[in-house]
Amino acid sequence: MWGLGRWAGDECTPPGVVVTSLPMAEERSETSDDGGSRSLVDEAGVDLTLIRAYLALTPIERLRALQNMMRAIGKFRPMVRSK
Amino acid sequence: MIPDLEAILRALRDVEFILVGGVAAVVQGAPIATQDVDILYRIEPSNLSRLEAALTELEAVFRDDPRQLRLQISHLETKGHKLTMTRAGALDVLGSINAEELVFEDVLPHADRMDFDGLEVLVLRLEKLVELKRRLGRPKDLAVLPILEATVKERG
Numbered sequence: 013m014w015g016l017g018r019w020a021g022d023e024c025t026p027p028g029v030v031v032t033s034l035p036m037a038e039e040r041s042e043t044s045d046d047g048g049s050r051s052l053v054d055e056a057g058v059d060l061t062l063i064r065a066y067l068a069l070t071p072i073e074r075l076r077a078l079q080n081m082m083r084a085i086g087k088f089r090p091m092v093r094s095k
Numbered sequence: 019m020i021p022d023l024e025a026i027l028r029a030l031r032d033v034e035f036i037l038v039g040g041v042a043a044v045v046q047g048a049p050i051a052t053q054d055v056d057i058l059y060r061i062e063p064s065n066l067s068r069l070e071a072a073l074t075e076l077e078a079v080f081r082d083d084p085r086q087l088r089l090q091i092s093h094l095e096t097k098g099h100k101l102t103m104t105r106a107g108a109l110d111v112l113g114s115i116n117a118e119e120l121v122f123e124d125v126l127p128h129a130d131r132m133d134f135d136g137l138e139v140l141v142l143r144l145e146k147l148v149e150l151k152r153r154l155g156r157p158k159d160l161a162v163l164p165i166l167e168a169t170v171k172e173r174g
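Residue numbers (this note's numbering), protein chains in the order written: chain A, 13 to 95; chain B, 19 to 174.
Treat the hints as calculated values from the structure; they're not laboratory data.
All residues carry an ideal CB built from backbone N, CA and C; glycine is no exception.
Check the hints yourself; a few may be wrong.
Distance ranges between label pairs, derived from CB positions [stated by the list, open to error]:
#, chain 1, residue 1, chain 2, residue 2, range
1, A, Ile85, B, Arg31, 20 to 30 Å
2, B, Ser64, A, Ala56, 37 to 47 Å
3, A, Ala84, B, Thr74, 27 to 37 Å
4, B, Lys97, A, Val53, 33 to 43 Å
5, B, Arg156, A, Glu55, 20 to 30 Å
6, A, Glu55, B, Ser64, 27 to 37 Å
7, A, Thr70, B, Leu126, 21 to 31 Å
8, A, Thr70, B, Lys171, 16 to 26 Å
9, B, Arg152, A, Gly57, 14 to 24 Å
10, B, Glu95, A, Ala84, 17 to 27 Å
11, A, Ile85, B, Leu154, 43 to 53 Å
12, A, Ala84, B, Leu137, 16 to 26 Å
Covered stretches of chain A (in silico footprint by chain B; criterion: 3 or more residues with CB under 8 Å from a CB of chain B, positions within the stretch not fixed) [said to hold, decoys possible]:
#, stretch
13, 64-71
14, 74-85
Given only the sequences and the hints, what does the whole structure look like? Please build it.
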């Protein structure tokens, strides 16, 4: 899985994708009892930060993000043998 | 071959289909990874002709088949899963989904029309996708369920 927060705003941002409301670090963390910070996760352990970032995108931006990920990781199924 | 999901959707512009599977989840906000586009198409003669034309435009051939067979109407008339590779990436062409063999008309009430830069596409609603994946129960489906369910909750 791709971490939106890792590429948003840097040179890896997919062409055509405008990240408009990616949460800042302060917003996506909570302060723990000992003063440290922890990720915003739900009871199932899912990181909600990434989901909220995706939800901030439009459908076409999400499609392009996925497409860019496919291209970047190079794990798309190889083309069948050429003639 | 460079994956081009937009090219696949554009080629299917005249085809009656519902986007299902991982890509349907992603476009609704679920940050999951997937490697192919899954579509459930309407099995109806004129639609099959349009689908065949779209698959020809995409240069689709049966995936994992060394003969590189192109899809014909006779293939598309069945409810089976046709796994293809196109010039724009992997495309799974489904006549039905799940063990219940749900066809286009069964799923249509659970689909919403979404806009992709002026291109309107029917997409299986995330809540229904969660239900179907839970029923399928395959490890790869169960693995993404927590993310899909959390996305449904976050959308409110």
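Results for each hint:
1. A:Ile85 <-> B:Arg31: 20 to 30 Å: holds, 28 Å
2. B:Ser64 <-> A:Ala56: 37 to 47 Å: holds, 45 Å
3. A:Ala84 <-> B:Thr74: 27 to 37 Å: holds, 30 Å
4. B:Lys97 <-> A:Val53: 33 to 43 Å: Cβ of B:Lys97 to Cβ of A:Val53: about 40 Å, so the range 33 to 43 Å holds.
5. B:Arg156 <-> A:Glu55: 20 to 30 Å: holds, 24 Å
6. A:Glu55 <-> B:Ser64: 27 to 37 Å: Between A:Glu55 and B:Ser64, where Cβ atoms are some 49 Å apart, the hint is violated.
7. A:Thr70 <-> B:Leu126: 21 to 31 Å: Since A:Thr70 and B:Leu126 have Cβ atoms about 24 Å apart, the given range 21 to 31 Å holds.
8. A:Thr70 <-> B:Lys171: 16 to 26 Å: Cβ of A:Thr70 to Cβ of B:Lys171: about 21 Å, so the range 16 to 26 Å holds.
9. B:Arg152 <-> A:Gly57: 14 to 24 Å: Since B:Arg152 and A:Gly57 have Cβ atoms about 18 Å apart, the given range 14 to 24 Å holds.
10. B:Glu95 <-> A:Ala84: 17 to 27 Å: The hint (17 to 27 Å, Cβ to Cβ) is violated, given that B:Glu95 and A:Ala84 are roughly 38 Å apart.
11. A:Ile85 <-> B:Leu154: 43 to 53 Å: violated, 25 Å
12. A:Ala84 <-> B:Leu137: 16 to 26 Å: holds, 24 Å
13. 64-71: Since 6 is at least three, the answer is holds.
14. 74-85: holds (count 9)
Checked against the numbered hints above, the structure violates hints 6, 10 and 11; every other hint is satisfied.
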